[in-house]
Amino acid sequence: MLRFRTLLAGPSRKRKKNPKTRRRTRAARSDAVPGKQCDDADVLRQPHQLETFPPEEEEEEDGELGFRLKRSARSAHGVQPLGNLFLSPNAANSRNAGLGTLQSLTDELVLEILGLLSGTHLGILATVSKSFYVFCNHEPLWRNLVLEALGGDFLFNGSWKSTYVAGCHPSFDVGSVGESGLEVRDFYSDYVFQSWLCANLEMKPEWLERDNIVRKRGISVEEFVRSFEEPNKPVLLEGCMDGWSALEKWNREYLVKTCTGVRFSVGPVEMRLEDYLRYSDQTREERPLYLFDPKFGEKVPVLGSDYEVPIYFREDLFSVLGNERPDYRWIIIGPSGSGSSFHIDPNSTSAWNAVITGSKKWVLFPPDVVPPGVHPSPDGAEVACPVSIIEWFMNFYGATKSWEKKPVECICKAGEVIFVPSGWWHMVINLEESIAITQNYVSSRNLLSVLDFLKKPNASTLVSGTRDRVNLHNKFKNAIEAKFPGKIGQLMLKAEEKAALQKKPSFWDSVTDSKAGAFKFSF
Amino acid sequence: MSSSPPPSSAAASPSCPKKMIALRSSDGETFEIEEAAALQSKTLENMIDEDCAGTPIPLPNVTGKILAKVVEFCSKHAEPGVDDESLRAWDAEFVNVEQATVFDYILAANFLEIPTLLNLTCNVVADMIRGKTPDEIRKFFNIKSIFSPEEEEEVRRENHWAFE
Chain C
0 MLRFRTLLAG PSRKRKKNPK TRRRTRAARS DAVPGKQCDD ADVLRQPHQL
50 ETFPPEEEEE EDGELGFRLK RSARSAHGVQ PLGNLFLSPN AANSRNAGLG
100 TLQSLTDELV LEILGLLSGT HLGILATVSK SFYVFCNHEP LWRNLVLEAL
150 GGDFLFNGSW KSTYVAGCHP SFDVGSVGES GLEVRDFYSD YVFQSWLCAN
200 LEMKPEWLER DNIVRKRGIS VEEFVRSFEE PNKPVLLEGC MDGWSALEKW
250 NREYLVKTCT GVRFSVGPVE MRLEDYLRYS DQTREERPLY LFDPKFGEKV
300 PVLGSDYEVP IYFREDLFSV LGNERPDYRW IIIGPSGSGS SFHIDPNSTS
350 AWNAVITGSK KWVLFPPDVV PPGVHPSPDG AEVACPVSII EWFMNFYGAT
400 KSWEKKPVEC ICKAGEVIFV PSGWWHMVIN LEESIAITQN YVSSRNLLSV
450 LDFLKKPNAS TLVSGTRDRV NLHNKFKNAI EAKFPGKIGQ LMLKAEEKAA
500 LQKKPSFWDS VTDSKAGAFK FSF
Chain U
0 MSSSPPPSSA AASPSCPKKM IALRSSDGET FEIEEAAALQ SKTLENMIDE
50 DCAGTPIPLP NVTGKILAKV VEFCSKHAEP GVDDESLRAW DAEFVNVEQA
100 TVFDYILAAN FLEIPTLLNL TCNVVADMIR GKTPDEIRKF FNIKSIFSPE
150 EEEEVRRENH WAFE
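Chain order of the listed sequences is C and U. Note that the first sequence covers residues 0 to 522 in numbering that gives the first Met the number 0. Note that the second sequence covers residues 0 to 163 in numbering that gives the first Met the number 0.
For the record, the hints were derived by calculation from the structure and aren't laboratory data. Glycine is no exception: its CB is placed at the ideal position from the N, C-alpha and C atoms. Take the hints with a grain of salt, since some may be wrong.
Here are the simulated distance ranges between beta carbons [as the list claims (entries may be wrong)]:
(1) U:49 - C:213: 46 to 56 Å
(2) C:100 - U:67: 48 to 58 Å
(3) U:151 - C:172: 48 to 58 Å
(4) C:105 - U:151: 22 to 32 Å
(5) C:204 - U:139: 24 to 34 Å
(6) U:88 - C:401: 55 to 65 Å
(7) U:151 - C:100: 35 to 45 Å
(8) C:394 - U:110: 51 to 61 Å
(9) U:75 - C:303: 12 to 22 Å
(10) C:103 - U:29: 51 to 61 Å
(11) C:182 - U:139: 39 to 49 Å
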């Protein structure tokens, strides 16, 4: 039960393991409805909601809540958490009277039913009672309706509901009405309150304090391999983006101009960059849509030439597959609050992530430590996580303080590159609007584990971004043998030698080893 | 050595009875369900996987009246050789019950994580909503509308587009 001060774990949902796995595109959408005229100048200006860290003084702290709300936080329509019900005299939950016989259902179930309704029926239902008004204004419902009806061809209009009405009922003047400021008294619901809270919360400073990653500048490739890639440890590398023209060139104006007409992958849909930026400027959601495109280099070749792979990551063994290689590089653009919840990267690859503008908070756990609140299925195909990144911080981050094995954390800023070793759990949240490039790769250090992974029976569902998933193991192995004959054999020998060195001492070894204890043979 | 049929939970022969799982409702009634049918419930599937399915599984959230029907639903949906059309017709008949019972099915399907039943029953309720005017919806679900006249006007204005 929630009260303003303490918040309990919210509902968890099964999610696909990794944002880099191929997404199913949404079912057919209706013809795009021409929306309002888009003022390009609006999009090119830097967003006024840009949040920077450390937080500026103007941000208000809500002392009662103990959390900081975003400056542009939306109204919650007066919804309160369930715990408050017991604190108020003559308490009665208007939720129930307004739902009638449906009151026996949980909030999630009510929303599940509402999720089956068309926009029209949802709009009608909103007028039925205060309860239904609150439920029917639940933004995720309207987000789904927009994406189904308009795909990526929507012009965000302040809220998903407003976007839907503007896009699907253009003759109705949405601007003249605005969002009703209806305050609903005595409506108590943990689910609805939590949902609103997560959408409007700022990251607490104490969640950002720990920065314990190893940072290196100007090290050699050999040192990187020896100290980090071989032992599979993360590191933050400074100064290896110095030659990138992206660092100077990539601002909104340049990108919008260069990418005119190009559509980028945004969640389940594809969007023009200016439409995405218009949305990201205005959105206040638990999980904002994230621009995460694996084909940006093909779609806009000049972007591919604005950066180069840092020297540490030049060995790229999947390249032997040519066009049949899995997706390997992404451009990532997202507003403050967007990011990826806990996952392990696909195919047992390693990765690097370079921030061009903005900043990202990272939390990493080694392969053998499952993060608190995360529940991978036995085959690793699905990961059940808390609903949002903010919720994870609210409910689970504190637990890590008492752990001996603390996670690796850092804030990665513009010009910095983080190395994410193969198999490591990681989670990222953008602290401000951020543009980054990430690549996954196979090198000699993780080649064997990648091959092992591809041999697994369910590899075909887990492998990311390939057309012919089934034969990838054999194709890859054969291609490596062709281009680098004997390499696999060499690596296996080395691995066996290493394993032999780390083998437990034999019984005889242990009795002669004085360190093993006091036991000694005596005849 | 005589050959014996390999153990199989899928196919059953007279000499190889299907594995049964026992469930106990909140009011103490016990029901038996075939394992294949029980697997439609993710909750039960997890318990079977973890080998907790020895003694009757207590289901404190489901009454005997509803559990009987849930068992019936799962058994029907585990039956081999039923064509889609017949199954849909059977489903339609299954949910042709009073409101309160549909809601009980929803709660049971949610608790037991039976996606087919949850989907079916939620759609039934969505159908109850579709096509009705606000007044009809209030009447149907016995909702007390407590909007003030001004509030009602405002909310109606905001959603005016849905009524065109």
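For this structure, which hints from the list above don't hold up? 1, 2, 3, 5, 7, 8, 9, 10, 11
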